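Below, each chain spelled out in residue letters.
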Amino acid sequence: MDGPVKKRGARGGKLSKLKNKLPIIVYLLIVIVILSFLSLLIGTTKISASKVFVSTLMPGASNTSSIIWQVRMPRLVLAALSGALLAMAGAMIFGTYGAVIIDNLVVRTFYLIAAVTSAVSIFMIVFGYNLNSLYPWLLGSLAGTTWTNVLLVSIFVLIGVIVYVFYYKDLNALLFGEYTAKTLGVEVKWVRAFLLCVAIMLSAVAVYACGILSIAALILAYFVRFMTGMNHKYLIPVSIMMSASVVILLDIFSRIVFPAEIPIGIMMVVLCGPLYIYAMQRRRVGL
Amino acid sequence: MEMLKVEALDAGYEDNVVIKNASFDADIGDFIGIIGPNGCGKTTLLRAIAGLINISNGQVKIRGKDVRRINRKELAKRIAFVPQLMVPTAGFTVEETVLLGRTPYIGRFAFETDKDYRVADKAAEELKVEHLIDTPVTSLSGGEFQRVAIARALAQEPKILLLDEPTSHLDFKFQIKVLRMLRRLREDKLIIATFHDLNLAARFSRKLMLVSKGEVVAFGRSDAVLTSENLKVAYRVNLEVRKNPKTGKLRVFNV
Numbered sequence: 014m015d016g017p018v019k020k021r022g023a024r025g026g027k028l029s030k031l032k033n034k035l036p037i038i039v040y041l042l043i044v045i046v047i048l049s050f051l052s053l054l055i056g057t058t059k060i061s062a063s064k065v066f067v068s069t070l071m072p073g074a075s076n077t078s079s080i081i082w083q084v085r086m087p088r089l090v091l092a093a094l095s096g097a098l099l100a101m102a103g104a105m106i107f108g109t110y111g112a113v114i115i116d117n118l119v120v121r122t123f124y125l126i127a128a129v130t131s132a133v134s135i136f137m138i139v140f141g142y143n144l145n146s147l148y149p150w151l152l153g154s155l156a157g158t159t160w161t162n163v164l165l166v167s168i169f170v171l172i173g174v175i176v177y178v179f180y181y182k183d184l185n186a187l188l189f190g191e192y193t194a195k196t197l198g199v200e201v202k203w204v205r206a207f208l209l210c211v212a213i214m215l216s217a218v219a220v221y222a223c224g225i226l227s228i229a230a231l232i233l234a235y236f237v238r239f240m241t242g243m244n245h246k247y248l249i250p251v252s253i254m255m256s257a258s259v260v261i262l263l264d265i266f267s268r269i270v271f272p273a274e275i276p277i278g279i280m281m282v283v284l285c286g287p288l289y290i291y292a293m294q295r296r297r298v299g300l
Numbered sequence: 071m072e073m074l075k076v077e078a079l080d081a082g083y084e085d086n087v088v089i090k091n092a093s094f095d096a097d098i099g100d101f102i103g104i105i106g107p108n109g110c111g112k113t114t115l116l117r118a119i120a121g122l123i124n125i126s127n128g129q130v131k132i133r134g135k136d137v138r139r140i141n142r143k144e145l146a147k148r149i150a151f152v153p154q155l156m157v158p159t160a161g162f163t164v165e166e167t168v169l170l171g172r173t174p175y176i177g178r179f180a181f182e183t184d185k186d187y188r189v190a191d192k193a194a195e196e197l198k199v200e201h202l203i204d205t206p207v208t209s210l211s212g213g214e215f216q217r218v219a220i221a222r223a224l225a226q227e228p229k230i231l232l233l234d235e236p237t238s239h240l241d242f243k244f245q246i247k248v249l250r251m252l253r254r255l256r257e258d259k260l261i262i263a264t265f266h267d268l269n270l271a272a273r274f275s276r277k278l279m280l281v282s283k284g285e286v287v288a289f290g291r292s293d294a295v296l297t298s299e300n301l302k303v304a305y306r307v308n309l310e311v312r313k314n315p316k317t318g319k320l321r322v323f324n325v
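Top to bottom, those sequences are chains Z and U. Quick note on numbering: the first sequence equals residues 14 to 300 in the working numbering. Quick note on numbering: the second sequence equals residues 71 to 325 in the working numbering.
No lab work stands behind these hints: they were computed from the structure. Values in this document were obtained by computation on a predicted structure and should not be read as measured data. Hints may contain errors.
Okay, derived cross-link-like pairs now, DSS-like style, lysine-lysine, Cα gap no bigger than 25 angstroms in a straight line [said to hold, decoys possible]: (1) Lys277(U) <-> Lys247(U); (2) Lys243(U) <-> Lys302(U); (3) Lys143(U) <-> Lys243(U); (4) Lys202(Z) <-> Lys143(U); (5) Lys147(U) <-> Lys202(Z); (6) Lys202(Z) <-> Lys316(U); (7) Lys90(U) <-> Lys319(U); (8) Lys131(U) <-> Lys202(Z); (9) Lys192(U) <-> Lys131(U); (10) Lys229(U) <-> Lys192(U).
Whenever a hint applies, use it, and build me the whole structure from the sequences.
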């Protein structure tokens, strides 16, 4: 089938490519802005929408402003950052193994991440962290987030972004199979090992932020490819935005659905469990 | 020094040696057609030359240098490989796919330059897919995508171009077109391609290599390689070789 015949101008190709992906990025940005506002609006203390708006733009000494900036804002930012971490980790894991998406290797990767995180929790138990404080961490909750948590996590988000910018070309080459990637100059073994390590590190940080169950959200990165296609140039930024929106949304839900907060980790498992089953099913029928 | 020198090469996978004791030289300007029955090791030989698989004995030298001692990036600027089955990947346009061929030239900390786009566009033109440049590869026909795959390899600006059954997905017209184009390209390249179709191989290659059970049975001008005796050894079928009076090329007939 012949596509539309187009004669391009000398150079203008790059911009027109970007334009094709722009709508999806703009939509996601709008979604994030709306969700962020809702996230700042909803909480135990009732604050009117206009007050939230004003206090957000003008952080002052007022009571509402300190609730917004010291309690809700760090929580919101951490939710978004955790989404970003999980998106990058997921995209790296799925990208590293090319066409082989959900199979034993990936399952093994999840075991590995689980192993790393259990190691962290055992470490915490051994070194005398209070078990009662461990419990919410295992289930995961964004309640009580401080700016210090946010800062720590954002450092790893930055590391993830840098690795992604330097390695998305390798991930793209790997999509075409191991041999083709090699003939394109990619040191396949090394790149796979490295990206897998980075992915595990990023997931571990996400686990630090929203609990061990949050690794369930790695699957979100898998579904973005049906929106953007496999090109990691677009796949990863869109994954980041989408996962960030999902985590913010789940965090809002965890606050409003029941009077007592449901830990975000549980929300993630509830949402992502069926996605796994769907993805496996899809793989089985070869779609 | 010759472009490619294969010396007493044993190569294969894990503990399965497929290619045994292969030796030959080739240079820029050659167009070598590798023929042989299914499973004889044609693809494995190409992979060994590209440095993709285990070499257990002997060596493959490019301008005198062992392929195993050249790093992947440098090797990718010298050798390009078009696999038999490349699957179109969702989310890539023709241009983005061809641009993949520029991967070894783009630094880790850089993006595609205008030169990369120019080389990719030229490769697309060469393969007559330039009108499809913004089309998603998933909506191409098999033949169109095969040409995109070859353009991707050309964008690597390789000195050695390896193709695994480049004509297998093409209709008759494009088989001839692609092979003519490859023949033109050999001016400044060494081209090695595997073939199923003996007649196409004989018509377009400058030299033929007959492989059977992992061994090079015959290598040289097509009239020396394409004989009933050689073909009987490799394919275990009686075939008759005649000269086409019009083109002077050899043709193989089933007896």
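These are the hints, each one checked on the structure:
With a CA separation close to 19 angstroms, the supplied pair lysine 277(U) and lysine 247(U) stays within the 25 angstroms bound. With a C-alpha separation of about 30 angstroms, the suggested pair lysine 243(U) and lysine 302(U) falls outside the 25 angstroms cut-off, and the hint is violated. Distance restraint check for lysine 143(U) and lysine 243(U): the Cα-Cα separation of roughly 35 angstroms exceeds the 25 angstroms cut-off, and the hinted pair is therefore not satisfied. For the hint linking lysine 202(Z) to lysine 143(U), the alpha-carbon distance of about 14 angstroms falls within 25 angstroms, and the restraint holds.
Between the alpha carbons of lysine 147(U) and lysine 202(Z) the distance comes to roughly 20 angstroms, so the proposed pair stays at or under 25 angstroms and holds. Between lysine 202(Z) and lysine 316(U), the direct Cα distance comes to roughly 52 angstroms. Violation of the 25 angstroms bound is thereby established for this hinted pair. For the hint linking lysine 90(U) to lysine 319(U), the alpha-carbon distance of about 31 angstroms lies beyond 25 angstroms, and the restraint is violated. Restraint check for lysine 131(U) and lysine 202(Z): the C-alpha separation of about 23 angstroms stays at or below 25 angstroms, so the hint holds.
As the CA atoms of lysine 192(U) and lysine 131(U) are separated by approximately 29 angstroms, the hinted pair breaks the 25 angstroms bound. The suggested pairing of lysine 229(U) with lysine 192(U) holds, with an alpha-carbon distance near 16 angstroms, which does not exceed 25 angstroms.
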